[in-house]
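In order, the protein sequence lines correspond to chains A and U.
Residue numbers for the first sequence follow this note's numbering, beginning at 70 and rising by one.
Residue numbers for the second sequence follow this note's numbering, beginning at 70 and rising by one.
Take the hints with a grain of salt, since some may be wrong.
Chain copies aren't distinguished; within one or between two, either way the pair holds.
Only pairs whose alpha carbons sit at most 25 Å apart, straight line, appear in this in silico DMTMM-like list of lysine to aspartate or glutamate [what the hints assert, rightly or not]:
id, residue 1, residue 2
1, Lys150, Asp131
2, Lys298, Glu96
3, Lys126, Glu207
4, Lys126, Glu145
5, Lys221, Glu210
6, Lys221, Glu207
7, Lys289, Glu145
8, Lys125, Glu225
9, Lys221, Asp254
10, Lys125, Asp144
11, Lys221, Asp263
12, Lys126, Glu243
13, Lys298, Glu113
14, Lys126, Glu160
15, Lys221, Glu160
16, Lys125, Glu145
17, Lys150, Asp188
18, Lys126, Asp144
19, Lys221, Asp144
20, Lys231, Glu286
21, Lys231, Glu207
22, Lys231, Asp254
23, Lys221, Asp120
In short, the hints are calculated from the structure, not lab data.
There are 2 protein chains.
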Amino acid sequence: MKPAVVLLSGGLDSATALAIARAEGFECFALSFRYGQRHAVELESARRVADVMRVKKHLIVDINLALFGGSALTDEIAVPKGRSVATMSQEIPVTYVPARNTVFLSLALAWAETLNCSDIYLGVNVLDYSGYPDCRPEFVEAFERMATLATKAGVEGRSRLKLHTPLISLRKSEIIARGIALGVDYAWTSSCYDPGTSGQPCGGCDSCLLRQEGFRELRKPDPLVERFKAA
Amino acid sequence: MKPAVVLLSGGLDSATALAIARAEGFECFALSFRYGQRHAVELESARRVADVMRVKKHLIVDINLALFGGSALTDEIAVPKGRSVATMSQEIPVTYVPARNTVFLSLALAWAETLNCSDIYLGVNVLDYSGYPDCRPEFVEAFERMATLATKAGVEGRSRLKLHTPLISLRKSEIIARGIALGVDYAWTSSCYDPGTSGQPCGGCDSCLLRQEGFRELRKPDPLVERFKAA
């Protein structure tokens, strides 16, 4: 089996991207980050997802992006609640973390290079996050090009880095349907930007609202919400 | 004054790049990394250089690249000694750290974005390190392009990231001459890949040999070596 590095936040999208990588025949190396996020409870979800999906190895890397400031996800800026799903993608929200995907992908590239691996999976989505510059196809292509020039294998012509973004043009409901078909248990994925200490979703942040809309379109209950109701 | 983020390892090249950024009128924000390097003594040099050159702020970020393995600079692979300066640039050496410049530049980009800054300085050099994929002009251009697409300012068309590499085509002796003209005190820069705990250079690694050749071409003693002789 060929190796792939999969960025795994512990959220719905990255769990689905991991399931797809596995279904496409890759031996998966999952990479998560403790980056100063207020929702670090997602790392517990990442651990559980990595375990259930039997990844070859799961690394959690510490990198304190809060040092640089500038985001509601790491700073003491309030996470916005109750915004309209229809308009939230039209601007860059305060939950955007400067250069986050660039930083995470660079570290995935470092690991990929030592694994002699030229495939990286990333669960970005342009519909939900069109306000995030680093979730767009132009960014993905530019990163691939840069990464191929940055590495030994690329320079020696042995391989070209392929950045797989299987969710990039899917609606949230399509992502969930795809994941369910592949056996993803969404009860243990964490999407909320501002969860309680137990991981209970706030229900009002952009990420919670997008997730709710996804399950609503599918006419299915969110197993994560059910789990907290039952508890 | 416009802000610039300057990658500062504490070595000869990055100290010179910082002096050039300052001379070009930028207010400098210096960024260093504790990345698992065996030559972490260079961070003491970085602190001193940042202080002497009166940077606006100096951040040292922890990021454990040794987790990924694959380099003599972080692993227990031996640092090669006594290689020929004439041929060392023809291959990728074991001291290459996978994706290091990509990772460091991504973090510089994160800081630049929160500083509302579109200038980053990097002391790479293609002559000495033509074996390192991420020291070549093609890589620098690809990174600039990716970074402009990755950021708010780029997407909004407010600015384009400029990656300054003022040393990229200079010989080591030319870099030193430039630095001396700008008042850099090379006695407090650390280049060695395998120094003693006091920071004394080994004198035999690629980096020491290139530095020696630079000072020899200029017919000047290396003030770092003089400092250890005097001690």
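- Item | Hint check, failures only | 1, 2, 3, 7, 8, 9, 12, 14, 17, 20, 22, 23
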